[in-house]
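Student: Keeping their order, the protein sequence lines are chains Z and H.
For what it's worth, the numbering used here labels the leading residue of the first sequence as 1, then goes sequentially.
For what it's worth, the numbering used here labels the leading residue of the second sequence as 534, then goes sequentially.
Heads up, some of the hints might be wrong.
Lysine-lysine pairs mimicking DSBU-like chemistry, simulated, CA-CA at most 30 Å apart [as the list claims (entries may be wrong)]:
#1 Z:K451 / H:K711
#2 Z:K474 / H:K722
#3 H:K722 / Z:K449
Please keep in mind that the hints were generated in silico from the structure rather than gathered at the bench.
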Amino acid sequence: MNKKVKKYILIMIPLILSAYSHLWNPLGFPSIHIDEGHYMRRAMLVLEGMGPQESANTGYPRTYDHPYFGQLFLAGALGLLGYPASLNPDSDVSSIQALHLVPRILMGLLAVLDTFLLFKITERRYSRTIAVIASVLFAIMPITWVFRRVSLEAILMPFLLTSILFALFVRGSKNIQNKALLNSISKYEMSNNVLIFLSGIFLGLAIYTKIPAFTMIPLVGTLVFFYSGKSLKSIGIWFIPVITLPLLWPLYSVLVGQSDLWAYWVFWQSERDPSETITFASALTNFFKLDPIITILGISGIVYSAIKKDFLPLMWISPVLIFSYLIEWVQYFHLLYVFPAMCLGSAILVDYAQKIIAKHCHPIISYSIILSITGFAIVITSMLINLDVNSSYYNVYATIAQQIPSTSNKVQTNVTVIGSHFWVWDSYWITQYVLDKPHYLIDPHLDSKFKKQVQTNNVLFVDDPIFLKSISRKINSENLNKIREIHNNSVEIASFIDNVTSHTTDSYPYNGLPIMISNEGHPTGKVAIRKNY
Amino acid sequence: MNALSSIVFGVALLGLTLVVNGTFNHKYDNSRPLTQEKIEQRPVNVTDIMNLKGNIISLQYNDSSVPEWILSGKWQIAPKTDNNTNTNTTGKPEIKFSSTITMTSIDGTKTHKHRLTDFKLLNISFQNSTAIINGTISLVTSEDDFGLIDKDLENVPVGITIMNANTIRIDIDNNSVKQHFGSLPIYGKIG
């Protein structure tokens, strides 16, 4: 077979697998995470010309929790598609689904890009065989479904991987194992300084998306240092965008006179108390439960690499794990940074095992390891991504949207939505910004003592078990008494059973479905929509 | 720098310009009353402290600063009439404060109870998120502590401080109660 054709086939295998695992049934699986609503709301604000920072007065109360590139990127990409106007949005279920579909397809495409970038990184640093294995694992291992959600980790991942890739293309060192690739002369070669600067820009953008990405500074910085021939000047060039881009965030707060808010919410975010279910240990446990094979293989491979004095995979995971241990408030999806390194470590180990088998048996047999793992992963991933866990979600969402009247000129409607934290905020971005139905809301999670008064005559309740518990608490609040009174006089207009975890069983992979909604306050069971108007 | 490097560098700079432009070039809404309240705490008034109630959660130390008594119980601030902000002819709000305090020795061998009743308001003031109420109370003591303190003490000066509508400090005049509650105030929580 022609070498060029073989090369394209080898890269197409992981890309096709990745396209399947990340773009198939994006509406059905996984469940819509509450953070997706937050990031989409902020992207909508950018699209409306209101910038990346929510108002401290009318927006989500936790103002300065993350930097801005996440919403800028989302808004930029969606805006290029004419989103949301190009969908002719309405309050019906199909419209609500379409509005969720586009950003999820975007995230799926980013994950396919991640697969390609990991292939190129591994090919550059190691070999094409290891690159195929690593990128196939990234494409199809079960935990890769986390990249299907609109999350900051998924948005920053291609920028992080691109930063690593550019660092690996710096030429000034003999410290590359695959000499053939290092020595290959390409007409597309770029100058070292540009590569270094680009690496810095992409890492800076990753950190400007979410601050914990700074834990990748040791990895990429070390690569730049050694690949540039231990040049401190190169490190200096690289470091400028790495530091200055994230500094736009505090700079913004200073310019708008809200540096105190910035400091307050940054410290709040970094000092969030771990609960029984949100700890570093539980995050690791959940990661393992969601994908035991990649965890075991990945750790084994990283240890094996370190023994072989290749510290790249270890350097990739160590800072983020140490940071997570120190910060304590960690969830499984915060550990996505380590997933590519796990795939890389696994690939190095599998490649080693393949070589040993090939020595003693027929070479074809040596491929049995990766084929078995891939086959198993395809089955497990297919079992997950073919689920429909969101159908009731879209029905509840559409019902809420239909019950809020439209207004002209963005005049506030005479409706207050009261429900659990999950529903009042998750249903906000479409009703408020896409359908132009601005309304008030009361969130018992952020206003636990019900200090906020109902300001409208019309109230729409989203009754779910979490909300019903919150209004049944013994609280000395006139506002709560009023809410209870309105609630008692309201009429149920629709009810649904949220089926988000109904497929849960004791066996893998369905035993991981409760983890999918863990710690986000996603109410399950009956969700009733009531109104008093 | 070759041609490709120049082009890529130019595109990168353009991208950076877009990011900076997206960050800063937009309509601004810098209003912030809600969040500012949370940080600096909003000023309180009579309405905010009316109908508050909660638990007494405090320790009393001996002269060697060793915990000696555990104080627990309930407290409540309520209007004297149905109207929350009703004021009397002197312009002072008509509020009543009452509390029950159970004192249990650290070793668990001794227990006695107090009731703080018949509150008479002298003055009330507000400093940002703190309410300071001064008045007098009657202290009624029950069970086996009569040797240490009179069973009924009237017109005992008391200072009540409500902080951020979240915590309470009760300062009972030490001389009137023969240092019965030690040198530190009694603390409690709202809700």
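Student: A separate judgement is required for each hint: does it hold in the structure or not?
Tutor: Hints and how they fare:
1. In summary, the hint linking K451 of chain Z to K711 of chain H is not supported, as the alpha carbons are separated by about 41 Å, beyond the 30 Å threshold.
2. Restraint check for K474 of chain Z and K722 of chain H: satisfied, since their Cα atoms lie roughly 15 Å apart, inside the 30 Å limit.
3. Annotation: proposed proximity of K722 of chain H to K449 of chain Z holds, straight-line Cα distance about 14 Å (limit 30 Å).
Hint violations for this structure: number 1 only, all remaining hints satisfied.
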